[in-house]
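Colleague: Protein chains in written order, with the numbering used here: chain A, 1 to 296; chain B, 297 to 642.
It should be emphasised that the hints constitute simulated quantities derived from the structure, not laboratory data.
Note that CB positions come from ideal geometry on N, CA and C, so glycine has one too.
Worth double-checking, as some hints may not be accurate.
[Said to hold, decoys possible] To list a few chain A residues with every Cβ distance to chain B over 10 Å, as calculated: (1) Lys5; (2) Gln25; (3) Met51; (4) Leu54; (5) Ala62; (6) Val84; (7) Ala86; (8) Glu116; (9) Met118; (10) His144; (11) Asp216; (12) Glu226; (13) Tyr234; (14) Leu291; (15) Gly292.
[Unchecked claim] Here chain B is said to cover these stretches of chain A; the calculated rule only asks that three of the stretch's residues, wherever they fall, bring their Cβ under 8 Å from a Cβ of chain B: (16) 187-196; (17) 235-248.
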Amino acid sequence: MNVGKVKAGIIGTGNIGTDLLLKLQRSPFLECGIFTGRNPDSAGIKLAKEMGVLTSTDSIRAIEENPEICDIVFDATSASVHFVNAPILKRLGKFAIDLTPAHVGKMCVPVLNMQECMDEDNVNLITCGGQATAPIAYAISRIHPDVKYIEIVATIASKSAGAGTRNNIDEFTQATRESLSEFTGIKDTKAIIVLNPAQPPITMHNTVYALIDKPDMEAIRRSVDEMAAKIRRYVPGYRIVMEPVYENGRVTTSLQVVGLGDYLPKYAGNLDIITCAAVEIAENYARMKILGDKGE
Amino acid sequence: MSKLLIFDSTLRDGNHAVKHQIKKEHIEDYCLAMDGTGVYTIIVGHGNGLGASSLQVGIAAVPEREMLHTARKSLEKTRLGAYMIPGFGTIKDNLEPAIAEGVEVFTIGCHCTETDTTRQHIEFLKKAGKEAYGAMMMYHMASAEKLLEEAQKLQSYGADGVILMDSAGASTPEMVKRAIGTLYDSLHIRVGFHAHNNMGMAVANSYTAYQEGASIIDGTLRGFGAGAGNCQIESLVALLEKCGVKTGIDFYRMLDASEDIMPQIMDRDMGQEPLSIVSGQAGVFSAFKIHVQKAAKEFHVDARDIFKELGRRKAVGGQEDMIVEIAEKLGRPAGSNINYQLESLL
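Let the sequences and hints guide you as you build the complete structure.
Modeller: Structure (structure tokens):
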């Protein structure tokens, strides 16, 4: 069987990086080789130290200086930082899983195209909004390739949007929109991102609108349900809260993502949808590309 | 005190009142009639600004570039303005094209506690040599101290001013005094106010803001705007002049535009309909009204109940999707099995 766990590095010690760190603790295939960022005071660094994980505040340089420390690298920094990190990780021969909206590598949503991404050296996880809604957009468009327009609205609790998300709100919006076109082939798409500061924080909420002439609602509902069930395999809190309805000339579907409550509480499903996807991809890569090769 | 600047949002906020159906010829007529009257900028676009034409908030009759282009051609003296909420529009899809169309004054808006989402856009605009103001929507939802903290961020990004938006028309004069006073005392950039009229206080609250140090008042002709409408600029100018403030406005030309052009654009008079009063009291974004009415009809529920629930859930601007979900839920027979209240899991 397995000779051991594959080592993964995490760059970025904010909300997303720390949530990943906690999820890796449960992985049967992965372990965290290094948890590295720039902020010595980050709550994540403190937590990692308590857990006995190797930490650094030298960001990617810690991996450059000690490349053996990991085979897979999660980049949970920000789009601008990932533009710098991406070529370094490529030179080091690491499989890079980019959780920023930099969109350097191929966009990957596990339920839609994970196997196609296994030969890439850098995959991009778009945004939490893209992970949550692109599969539903696809589930609708596979029934109706004639969809004229797709639009999504992703609302997340302010408390769950860290500095990276806020500083990259522009790339976030742009990348989410582009993912809709990428996965459905529909050119005319739109993404709207809303931060809601209500207390107690709201659960991540998403709505997908589609303009379709004569929609086959029964087939759309089945397709959406089937997609949601597949996503739940790696994001347990993924729920359709309003099944596709035809109202005011549009097909409207709403869904929420309840988090596992690893780092932030359960309302922050936006962390889980992207960190669960990242772990799913990393585990798959570890099994196929590393453990498979070494396994005897 | 700096000279008072009047921002004219008639062709932007007014678009909410007609479901974003303002026509090209209206933009042209309005801009010709108002050019050079002394308003600082004429802001044009979808009700929620650049990039907001959508199923979520309504598809605009005229594409945004065409709106801006039409206005640009009809304005010689008055600056062309645009509004954008990050999360709706982006630099690449919206700000760059707007600059290419000749927009000179930008207002970047966001919910009042989320100003760090405007940093990229304000910095981009200042780098491009444009005027950029930060607008804090739904200001009634935060304390004066929190508002100041957020406004200071806008100032640090290089914003030329900070505008508090009473997007729900939920203000009492005391709330205006405290919020504007706090900002005016601590910022070195302009402070502005954008009122809504749900409780009949838009002009009075704008005047209070002016007295507390605001040097930007954002309003519309005839109060044409979302929900119960905005601060009616004609009335405010009359009031200010009567109080001895030199506004520099060509008052008769403004009144002529109000008389000749506005009836063509508006489909009814503004005023405090019962539903708008409920919405103001509940503190819900004014532009939700038409969507609430539609959803109430579609799902056979009471629009007032939808507003109350929206207020309870503390919906912010941009969350129009919540309306359909609430209406659908309210309209569902008792004992329905889908678990809506995921919040109960937390």
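Colleague: If a hint holds in the structure, say so; if it doesn't, say that too.
Modeller: Evaluation of the provided hints:
1. Lys5: holds (32 Å)
2. Gln25: Given that every Cβ of chain B is farther than 10 Å from that of glutamine 25(A), nearest at about 23 Å, it holds.
3. Met51: Holds, since 25 Å exceeds 10 Å.
4. Leu54: Holds, since 31 Å exceeds 10 Å.
5. Ala62: Label holds. Min Cβ-Cβ 28 Å, cutoff 10 Å.
6. Val84: Holds, because the least Cβ-Cβ distance between valine 84(A) and chain B comes to about 18 Å, which exceeds 10 Å.
7. Ala86: Non-interface label stands for alanine 86(A): nearest chain B Cβ at 20 Å, farther than 10 Å.
8. Glu116: holds (27 Å)
9. Met118: holds (31 Å)
10. His144: Answer for histidine 144(A): holds, closest chain B Cβ roughly 16 Å.
11. Asp216: holds (19 Å)
12. Glu226: holds (17 Å)
13. Tyr234: Holds, because the least Cβ-Cβ distance between tyrosine 234(A) and chain B comes to about 19 Å, which exceeds 10 Å.
14. Leu291: Non-interface label on leucine 291(A) holds, nearest chain B Cβ at 35 Å vs cutoff 10 Å.
15. Gly292: At roughly 38 Å from the nearest Cβ of chain B, glycine 292(A) sits farther out than 10 Å, so the non-interface label holds.
16. 187-196: holds (count 6)
17. 235-248: Holds: 7 residues of the segment 235-248 of chain A have a Cβ under 8 Å from chain B.
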